[in-house]
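Just so you know, the protein sequences line up as chains A, B and C, in that order. Sequential numbering from 30 applies to the first sequence in the numbering used here. Sequential numbering from 301 applies to the second sequence in the numbering used here. Sequential numbering from 14 applies to the third sequence in the numbering used here.
Calculated from the structure, these hints are not laboratory results. Treat the hints loosely; a few may be bogus.
[As the list claims (entries may be wrong)] Calculated lysine-lysine pairs in the DSSO-like style (CA-CA distance at most 27 angstroms, straight line):
(1) Lys300/C with Lys608/B
(2) Lys503/B with Lys444/B
(3) Lys531/B with Lys68/A
(4) Lys402/B with Lys300/C
(5) Lys390/B with Lys300/C
(6) Lys389/B with Lys300/C
(7) Lys505/B with Lys456/B
[Stated by the list, open to error] If you anchor each label on the Cβ, the simulated ranges turn out as follows:
(8) Asp473/B with Ile67/A: 33 to 39 angstroms
(9) Leu178/C with Ile564/B: 41 to 47 angstroms
(10) Arg214/C with Val303/A: 51 to 57 angstroms
(11) Ile67/A with Val469/B: 57 to 63 angstroms
(12) Asn549/B with Val306/A: 53 to 59 angstroms
(13) Gly410/B with Val301/A: 39 to 45 angstroms
(14) Pro135/C with Leu109/A: 45 to 51 angstroms
(15) Glu198/A with Leu102/C: 50 to 56 angstroms
Don't be surprised by glycine CBs; every beta carbon is placed ideally from N, CA and C.
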Amino acid sequence: MNRLAARVMLDRLVSALVILCVMLAAIPVLILLVFVVIKGLPGMLAPGFFTDLPHPIGVPGGGVFNAIIGTLVIVGIASLVAVPLGTLVGIFLSEFGRNRVGDAVRFVSDVLTGLPSIAFGIFGYTVLVATLGHFSAISASAALAVLMLPVILRATETALVLVPNALREGGLALGAPRWRVTMQIIVPAALAGIVTGALLAMARAAGETAPLLFTTLGNEYLQLNPGRPMGALSLTVFKNALVPYTSLQDQAWAAALLLVIIVSVTNILARVYVRRVQR
Amino acid sequence: MKHVLFAASLGSAVLLAACGGASSTNSASPSPGSANIPTPPAASITGAGSTFDYPFFSAAFYAYNQKFSQVTVNYQSIGSGGGIQQFVKKTVDFGATDVPAKDSELQPAGGSAAVVQLPVTLGTVGLAFNLQGINTGQLKLTPKTIGGIFLGTIKKWNDSALTADNSGVSLPDMPISIVHRSDGSGTTYIFTDYLSDVSSDWKDKVGKGKSVAFPVGLGAKGNEAVASTIKQTPGAIGYVELAYILQTNMPQASLQNRDGNFVIPSPEGATAAAAQFLATSPTSFSIVNAPGKNSAPISGYSWAMLSKEQTDKTRGTALVDLFDWLVSDGQQYAVNLHYARLPANVERDAIAALKTLTSAGSTLLNVPSGS
Amino acid sequence: MSQGTAERVVPPPLALRHRRQRVDGDRVFEGLALGAGIVILAIAGIFVLALFLPALPAIRQFGLGFLTSSEWNPVTLRFGALPFIFGTLLTSAIAMVIAFPIGLGAALFLAEEARLRFIRVPLSFAIELLAGIPSVVIGLWALFILVPLMRTTIEPFLAHTLGFLPIFQGPVSGSSFLTAGIVLAIMVLPILVALSRDVIRVVPRSLREGSLALGATKTETVWSVVLPYARVGITGAMLLSLGRALGETIAVTMVIGNRAEISRSLFAPGYTLPSVLANEFTEAVGKIYQGALFELGLVLVLITILVNVLARVMVWRFQGGREPTRV
Numbered sequence: 030m031n032r033l034a035a036r037v038m039l040d041r042l043v044s045a046l047v048i049l050c051v052m053l054a055a056i057p058v059l060i061l062l063v064f065v066v067i068k069g070l071p072g073m074l075a076p077g078f079f080t081d082l083p084h085p086i087g088v089p090g091g092g093v094f095n096a097i098i099g100t101l102v103i104v105g106i107a108s109l110v111a112v113p114l115g116t117l118v119g120i121f122l123s124e125f126g127r128n129r130v131g132d133a134v135r136f137v138s139d140v141l142t143g144l145p146s147i148a149f150g151i152f153g154y155t156v157l158v159a160t161l162g163h164f165s166a167i168s169a170s171a172a173l174a175v176l177m178l179p180v181i182l183r184a185t186e187t188a189l190v191l192v193p194n195a196l197r198e199g200g201l202a203l204g205a206p207r208w209r210v211t212m213q214i215i216v217p218a219a220l221a222g223i224v225t226g227a228l229l230a231m232a233r234a235a236g237e238t239a240p241l242l243f244t245t246l247g248n249e250y251l252q253l254n255p256g257r258p259m260g261a262l263s264l265t266v267f268k269n270a271l272v273p274y275t276s277l278q279d280q281a282w283a284a285a286l287l288l289v290i291i292v293s294v295t296n297i298l299a300r301v302y303v304r305r306v307q308r
Numbered sequence: 301m302k303h304v305l306f307a308a309s310l311g312s313a314v315l316l317a318a319c320g321g322a323s324s325t326n327s328a329s330p331s332p333g334s335a336n337i338p339t340p341p342a343a344s345i346t347g348a349g350s351t352f353d354y355p356f357f358s359a360a361f362y363a364y365n366q367k368f369s370q371v372t373v374n375y376q377s378i379g380s381g382g383g384i385q386q387f388v389k390k391t392v393d394f395g396a397t398d399v400p401a402k403d404s405e406l407q408p409a410g411g412s413a414a415v416v417q418l419p420v421t422l423g424t425v426g427l428a429f430n431l432q433g434i435n436t437g438q439l440k441l442t443p444k445t446i447g448g449i450f451l452g453t454i455k456k457w458n459d460s461a462l463t464a465d466n467s468g469v470s471l472p473d474m475p476i477s478i479v480h481r482s483d484g485s486g487t488t489y490i491f492t493d494y495l496s497d498v499s500s501d502w503k504d505k506v507g508k509g510k511s512v513a514f515p516v517g518l519g520a521k522g523n524e525a526v527a528s529t530i531k532q533t534p535g536a537i538g539y540v541e542l543a544y545i546l547q548t549n550m551p552q553a554s555l556q557n558r559d560g561n562f563v564i565p566s567p568e569g570a571t572a573a574a575a576q577f578l579a580t581s582p583t584s585f586s587i588v589n590a591p592g593k594n595s596a597p598i599s600g601y602s603w604a605m606l607s608k609e610q611t612d613k614t615r616g617t618a619l620v621d622l623f624d625w626l627v628s629d630g631q632q633y634a635v636n637l638h639y640a641r642l643p644a645n646v647e648r649d650a651i652a653a654l655k656t657l658t659s660a661g662s663t664l665l666n667v668p669s670g671s
Numbered sequence: 014m015s016q017g018t019a020e021r022v023v024p025p026p027l028a029l030r031h032r033r034q035r036v037d038g039d040r041v042f043e044g045l046a047l048g049a050g051i052v053i054l055a056i057a058g059i060f061v062l063a064l065f066l067p068a069l070p071a072i073r074q075f076g077l078g079f080l081t082s083s084e085w086n087p088v089t090l091r092f093g094a095l096p097f098i099f100g101t102l103l104t105s106a107i108a109m110v111i112a113f114p115i116g117l118g119a120a121l122f123l124a125e126e127a128r129l130r131f132i133r134v135p136l137s138f139a140i141e142l143l144a145g146i147p148s149v150v151i152g153l154w155a156l157f158i159l160v161p162l163m164r165t166t167i168e169p170f171l172a173h174t175l176g177f178l179p180i181f182q183g184p185v186s187g188s189s190f191l192t193a194g195i196v197l198a199i200m201v202l203p204i205l206v207a208l209s210r211d212v213i214r215v216v217p218r219s220l221r222e223g224s225l226a227l228g229a230t231k232t233e234t235v236w237s238v239v240l241p242y243a244r245v246g247i248t249g250a251m252l253l254s255l256g257r258a259l260g261e262t263i264a265v266t267m268v269i270g271n272r273a274e275i276s277r278s279l280f281a282p283g284y285t286l287p288s289v290l291a292n293e294f295t296e297a298v299g300k301i302y303q304g305a306l307f308e309l310g311l312v313l314v315l316i317t318i319l320v321n322v323l324a325r326v327m328v329w330r331f332q333g334g335r336e337p338t339r340v
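Just chain A, same shape as in the assembly (with noise of 0.2 angstroms):
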């Protein structure tokens, strides 16, 4: 064989070569979803599911009904603190960041951001656990805003640096003051950018487990009061996975299911809406 054809032998190997990687990589996700569906629908349609309280270990039956709402008073609150906070910071960044104050900020939510998320969970215990005395959703909220904070200030800051400057020269130009031009102007154009941020970073508190494992600690009953223990969607998964009991561990996937569902169809969202604003 000439020279000629062997490169192109070569060319049409590793061009088979990467074709497989880009299956590899895309197959994983279709696997883990077929099968949590699989295993997850048969629980997450049993009655009671989304309605009953736990039931005591080998009693089969029950359901997450505390747990639902569990994740969604901790993730509420995280939002809260988080959302206005980190969306503040964006701002602070594009509009008043080009000095040192900004770098070291953008550094810190660097930082941030690679940190594994049990730190977080440490971080909550000894602030709010340690202190106050007692397990609580609040800590649990203080931990995930914390995580939360930087995808949702990166979020802003590149939403608002995409806002063409002329928008903002125009808007001073008119007479308007800084804060107008900003709140009035600026934002709502890159309004688009800052919800996916939001919506993205609370998908993705929503699925956290390390972090409330020492600060939410759990509940088998309905807890609403946030400054007590409280059960969440991915501690059930987590504690259901790791029982002899099939009908927990049925419900583990049930749950897992529910999770994947809430988390994929925020991201789903969260990106369609970018895209059909952006047109």
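Could you slot chains B and C onto chain A? The hints should help.
Same frame as chain A, now just chains B and C:
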């Protein structure tokens, strides 16, 4: 005569009503037949600790909530070590542990003088395994073989030491996968207490404790995960509290006790073991390797820790009421789940211990003694 | 004077008043924004303190020996971080060895080959979707599906074919360094693919086209032109993914076997820094035991920060000082 009787019954009725009323702000009528179970005030209680107790607690607290809906008990099974730690840090109202906390461990909470530890259940540990075709009782283990397996000197199922004791069963040529606890566990303490007693090798090399350096094996967190791992791993063996074994139909081994009999761990075996000891206290509590032909060799009590001085009177009252019920009427749920009922003298001691809880000086438990 | 709506004429006294308003309003706004930035810095500071202060008793007790000791004994209170550091590094290394070639290949495909949207978009979408799946769900799947598969099929196969290597010897139980490494590889793939793809896209078309014009095949172009150019950026992408792998907690905890021991065999159970924290944090009694765990947390955080900072510097430098693309 009639007047005296009338006065007496009226008096006792008033007394009973007063007692019942004194410990409740929110009344839920107690079910008939348990007139001396106090009605608790509304409270949401958090407890954590032993996974040994978890099946019992799970059923009992659920039933208690059905009975008294104003009290919810949120119990998280994080292991005895976790129970002690979180109790000492006061992040939970009570802790549960299969080995009483030492005075040194209780120092941050004021030492053992400030903490009441009472036995709440009596259970036993079994050795569950996963071998195809071999069921409960068909595998016989002696103290020597148990020690060898967990020390790692017996590595395969068809090792001569095992086949010698199990001539009727064909053991496969498979490596033994040991599963032990990865967290601080009272169940580990009970098991290693037993091993230290029967194997001087173990005592020297590993010792006893909530968390020991197991020479071999996989770690799993909690009795639940150990059971789960054994179930999913062919060739596995591990030590698990009986309730988990029976509730999930796992095969367990027949254990040779001190008298030389092979017994399958059971609540009766636990009761037999406990009966060999006059009383139990936080400093003298071990009942492993008990004599007696029916004694289950790896048995133990499990304990609850409560602060002697309760700062919140309502919650303190709810706590003592809960545990008063748990060690008396609540024991039926333990029995249903294959724990042994607390012996009568232990129950009395437990209630006596509950009576020492106070809040701002006044005793919290207001029931006539003796149940 | 004024034509159209774009201009606004303001009489002088009003202008003066307006300017002061503007200054006040802007000052408040700027102050708020700056305040928010400082709040972030304060939170970060509290974070560091929350990790560092409780670790002090252990740092004082064990000193640097903590990092080299293999003993982890809560009974005798002798603690060392080595088994966990080993486990963390080993599982992450396995993850990178598996994920890097696959991820790079996938990125090449998506950046170079896939002109057709109807192939590229669904594939990208599938890979991105994986990034959003919660770690505990992947752990659940790994525990019930992957671990038995490893135990019954894959690990015995490796032992059979490559058993002359010490890393593939030893008893097989399914929960092992190897299983955890594979789980990490799956979790790290999306980031690796996304970042690498962005890096490769930045390579100027002219360079590629020049190479092709000279008669090189696509493979040769990629090998001799694209990859060398993108080398720094790809390394950065790899490091960022490594950072993610190092810190992954829940999925790994469910499959690693929880054994604090250094082993030559990949089939052996092990322990990682995040896993031991997740398992033992609630039960650490006493200042030394607790301090040791906090110290482990500190070690973990420092390692991840180091890797992340290195990664971002490389990616940032590659992109000529521009803002790095968001993940």
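Quick rundown of the hints versus the structure:
1. Lys300/C with Lys608/B: At roughly 24 angstroms apart (the allowed maximum being 27 angstroms), Lys608/B and Lys300/C satisfy the hint.
2. Lys503/B with Lys444/B: holds (13 angstroms)
3. Lys531/B with Lys68/A: holds (19 angstroms)
4. Lys402/B with Lys300/C: Holds: Lys402/B and Lys300/C sit about 16 angstroms apart, inside 27 angstroms.
5. Lys390/B with Lys300/C: holds (15 angstroms)
6. Lys389/B with Lys300/C: Distance of about 12 angstroms is within 27 angstroms: holds.
7. Lys505/B with Lys456/B: holds (21 angstroms)
8. Asp473/B with Ile67/A: 33 to 39 angstroms: holds (35 angstroms)
9. Leu178/C with Ile564/B: 41 to 47 angstroms: holds (44 angstroms)
10. Arg214/C with Val303/A: 51 to 57 angstroms: violated (19 angstroms)
11. Ile67/A with Val469/B: 57 to 63 angstroms: Violated, at about 37 angstroms.
12. Asn549/B with Val306/A: 53 to 59 angstroms: At roughly 57 angstroms between Cβ atoms, Val306/A and Asn549/B fall inside 53 to 59 angstroms, so the hint holds.
13. Gly410/B with Val301/A: 39 to 45 angstroms: Given about 59 angstroms between the Cβ atoms, the range is violated.
14. Pro135/C with Leu109/A: 45 to 51 angstroms: Between Pro135/C and Leu109/A, where Cβ atoms are some 36 angstroms apart, the hint is violated.
15. Glu198/A with Leu102/C: 50 to 56 angstroms: holds (52 angstroms)
Violated hints for the displayed structure, listed by number in ascending order: 10, 11, 13 and 14.
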